[in-house]
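*Asks:* Sequence:
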Amino acid sequence: MAGQRWEGRQGDHQVRGQPCPGPRGHRVSRWKVQELCPSPQFIAGGATRADICQGGLGDCWLLAAIASLTLNEELLHRVVPRDQSFQESYAGIFRFQFWQRGEWVQVVVDDRLPTRDGQLLFLRSAEGSEFWSALLEKAYAKLLGSYEALAGGSTVEGFEDFTGGISEFFDLKKPPTGLFQIIRKALRAGSLLACSIDVSSAAEVEDITRQKLVKSHAYSVTGVEEVDFRGRPEKLIRLRNPWGEVEWTGAWSDNAPEWNDVDPRKKEELDKKAEDGEFWMSFSEFLRQFSRLEICRWSPDSLSSEEAHKWDLVLSNGRWARSSTANGCQNPPGSS
Numbered sequence: 001m002a003g004q005r006w007e008g009r010q011g012d013h014q015v016r017g018q019p020c021p022g023p024r025g026h027r028v029s030r031w032k033v034q035e036l037c038p039s040p041q042f043i044a045g046g047a048t049r050a051d052i053c054q055g056g057l058g059d060c061w062l063l064a065a066i067a068s069l070t071l072n073e074e075l076l077h078r079v080v081p082r083d084q085s086f087q088e089s090y091a092g093i094f095r096f097q098f099w100q101r102g103e104w105v106q107v108v109v110d111d112r113l114p115t116r117d118g119q120l121l122f123l124r125s126a127e128g129s130e131f132w133s134a135l136l137e138k139a140y141a142k143l144l145g146s147y148e149a150l151a152g153g154s155t156v157e158g159f160e161d162f163t164g165g166i167s168e169f170f171d172l173k174k175p176p177t178g179l180f181q182i183i184r185k186a187l188r189a190g191s192l193l194a195c196s197i198d199v200s201s202a203a204e205v206e207d208i209t210r211q212k213l214v215k216s217h218a219y220s221v222t223g224v225e226e227v228d229f230r231g232r233p234e235k236l237i238r239l240r241n242p243w244g245e246v247e248w249t250g251a252w253s254d255n256a257p258e259w260n261d262v263d264p265r266k267k268e269e270l271d272k273k274a275e276d277g278e279f280w281m282s283f284s285e286f287l288r289q290f291s292r293l294e295i296c297r298w299s300p301d302s303l304s305s306e307e308a309h310k311w312d313l314v315l316s317n318g319r320w321a322r323s324s325t326a327n328g329c330q331n332p333p334g335s336s
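Once you know that position 209 of the sequence shown is 209 in the UniProt record's numbering, the rest is easy, because the numbers rise by one and skip nothing.
Keep in mind the hints are simulated off the structure, nothing from the lab. Virtual Cβ for every residue (Gly too), placed ideally from N, Cα, C. Treat each hint with caution, since some may be false.
As the list claims (entries may be wrong) - Here are the computed distance ranges between Cβ atoms for each label pair:
id: 1; residue 1: Glu88; residue 2: Lys215; range: 15 to 23 angstroms
id: 2; residue 1: Gln87; residue 2: Pro175; range: 43 to 51 angstroms
id: 3; residue 1: Ala91; residue 2: Ser200; range: 48 to 56 angstroms
id: 4; residue 1: Gly45; residue 2: Glu74; range: 13 to 21 angstroms
id: 5; residue 1: Asp171; residue 2: Arg101; range: 28 to 36 angstroms
id: 6; residue 1: Tyr90; residue 2: Asp117; range: 25 to 33 angstroms
id: 7; residue 1: Ile93; residue 2: Lys215; range: 36 to 44 angstroms
id: 8; residue 1: Pro176; residue 2: Arg112; range: 45 to 53 angstroms
id: 9; residue 1: Thr325; residue 2: Ser39; range: 54 to 62 angstroms
To be verified - Straight-line distance between alpha carbons at most 35 angstroms, and here's what the computed DSBU-like set of lysine-lysine pairs gives:
id: 10; residue 1: Lys272; residue 2: Lys215
id: 11; residue 1: Lys173; residue 2: Lys212
id: 12; residue 1: Lys266; residue 2: Lys142
id: 13; residue 1: Lys212; residue 2: Lys235
id: 14; residue 1: Lys185; residue 2: Lys174
id: 15; residue 1: Lys235; residue 2: Lys273
id: 16; residue 1: Lys174; residue 2: Lys32
id: 17; residue 1: Lys142; residue 2: Lys235
id: 18; residue 1: Lys173; residue 2: Lys273
id: 19; residue 1: Lys174; residue 2: Lys215
id: 20; residue 1: Lys212; residue 2: Lys185
id: 21; residue 1: Lys185; residue 2: Lys173
id: 22; residue 1: Lys266; residue 2: Lys235
id: 23; residue 1: Lys32; residue 2: Lys142
id: 24; residue 1: Lys273; residue 2: Lys185
id: 25; residue 1: Lys212; residue 2: Lys267
id: 26; residue 1: Lys185; residue 2: Lys142
id: 27; residue 1: Lys32; residue 2: Lys173
id: 28; residue 1: Lys142; residue 2: Lys174
id: 29; residue 1: Lys215; residue 2: Lys266
id: 30; residue 1: Lys174; residue 2: Lys273
id: 31; residue 1: Lys142; residue 2: Lys267
id: 32; residue 1: Lys272; residue 2: Lys235
id: 33; residue 1: Lys173; residue 2: Lys215
id: 34; residue 1: Lys215; residue 2: Lys267
id: 35; residue 1: Lys174; residue 2: Lys212
id: 36; residue 1: Lys32; residue 2: Lys185
id: 37; residue 1: Lys235; residue 2: Lys267
id: 38; residue 1: Lys215; residue 2: Lys273
id: 39; residue 1: Lys173; residue 2: Lys235
id: 40; residue 1: Lys267; residue 2: Lys185
Between the sequences and the hints, there should be enough to build the whole structure, so can you do that?
*Replies:* Structure follows, in structure tokens:
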């Protein structure tokens, strides 16, 4: 099964009462970060999911991948190297790394970011003074050729470019046995996960359901939990909308009555009442509402098996050579 590809569209943020400036045809300034913020920080207090809020570019697929990346510190700092700041050894440039064609490739960008009316045009942090995520988006745009190249893509593209990992797809209308355990194992192993709701026509793209789920839109899967609810176990899953807002309003959402029947300590731990794009829902409801799940893992180990394997990595460099390794079709049309 191919990965879901989300196409950015003009107006995809108008559902939130905001104009959607496209990557072309708009009067855009490029301001240095210091002109936007008097005391900018590259990373302040750790890189978190709250640092990813979508701007006027249809790259939810990439932002869902970045949000998932923050759950794995080792992976995060392979992509976003440590010891970079706007203070110590500041030179106006920042380094990032992406997996391309079997090797890690470094991309260097300056700290000028697209703005309009003094505000970041694309990805921003909820904090306002933290810029690692906006600069990472810029570096990935440079890797692909332009910001416009980000307006539409598949989350697994980002996953694989951030990890060099192996992707797996699940049809949630025909889920495998033990999918909740598979997701829990994947999260514990540091895998990256995303999900989406399929649409039957282009007119439905980014329509919002009555319970505030966005169709054909990439969500990060950020956690699973099992709680005692009225004397029986209830499986929950936590998702995040990369917009940084517009959350599920059904059962187990922020302030939902179901939380009143959960142990107060567990409720305090899980029920975060904030409009930050992240929310809980029951796993059974997740299977009803969503269409597909994508998981990118580090190793070829099966997520459905508890058996562990030891794998060795071997890289072989080569090239296509005429009449040798690039000899064309072995059975061309018209041959006998």
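*Asks:* Can the suggested window of 45 to 53 angstroms be confirmed for the beta-carbon pair Pro176 and Arg112?
*Replies:* holds, 47 angstroms
*Asks:* Within a Cα-Cα threshold of 35 angstroms, do Lys185 and Lys174 meet the stated pairing?
*Replies:* holds, 20 angstroms
*Asks:* Checking one constraint from the list: CA of Lys215 to CA of Lys273, max 35 angstroms. Satisfied?
*Replies:* Holds, because 24 angstroms separates the two Cα atoms, which is no more than 35 angstroms.
*Asks:* Given a hint of 28 to 36 angstroms, does the C-beta separation of Asp171 and Arg101 actually sit inside it?
*Replies:* For Asp171 and Arg101 the Cβ distance comes to about 30 angstroms; the hint holds.
*Asks:* With the threshold set at 35 angstroms, check whether the alpha-carbon distance from Lys32 to Lys173 stays at or below it.
*Replies:* Roughly 47 angstroms between the alpha carbons, so the hint for Lys32 and Lys173 is violated.
*Asks:* With a cut-off of 35 angstroms on the C-alpha distance, tell me whether Lys215 and Lys267 pass.
*Replies:* holds, 29 angstroms
*Asks:* CA of Lys32 to CA of Lys185, is that 35 angstroms or under?
*Replies:* Judged against 35 angstroms, a Cα distance of about 42 angstroms means the pair is violated.
*Asks:* Assess, step by step, whether the Cα of Lys215 is no farther than 35 angstroms from the Cα of Lys266, and give holds or violated.
*Replies:* holds, 31 angstroms
*Asks:* Going straight from one Cα to the other, do Lys212 and Lys185 come out at no more than 35 angstroms?
*Replies:* The hint holds at about 28 angstroms.
*Asks:* If I claimed the Cβ atoms of Glu88 and Lys215 lie 15 to 23 angstroms apart, would that claim hold in this structure?
*Replies:* The hint (15 to 23 angstroms, Cβ to Cβ) is violated, given that Glu88 and Lys215 are roughly 45 angstroms apart.
*Asks:* Next pair to validate is Lys142 with Lys174; report whether the Cα-Cα distance is within 35 angstroms.
*Replies:* violated, 38 angstroms
*Asks:* In this structure, is the beta-carbon distance linking Gly45 and Glu74 contained in 13 to 21 angstroms?
*Replies:* holds, 18 angstroms
Hint violations for this structure: numbers 1, 12, 16, 17, 27, 28, 31, 36, all remaining hints satisfied.
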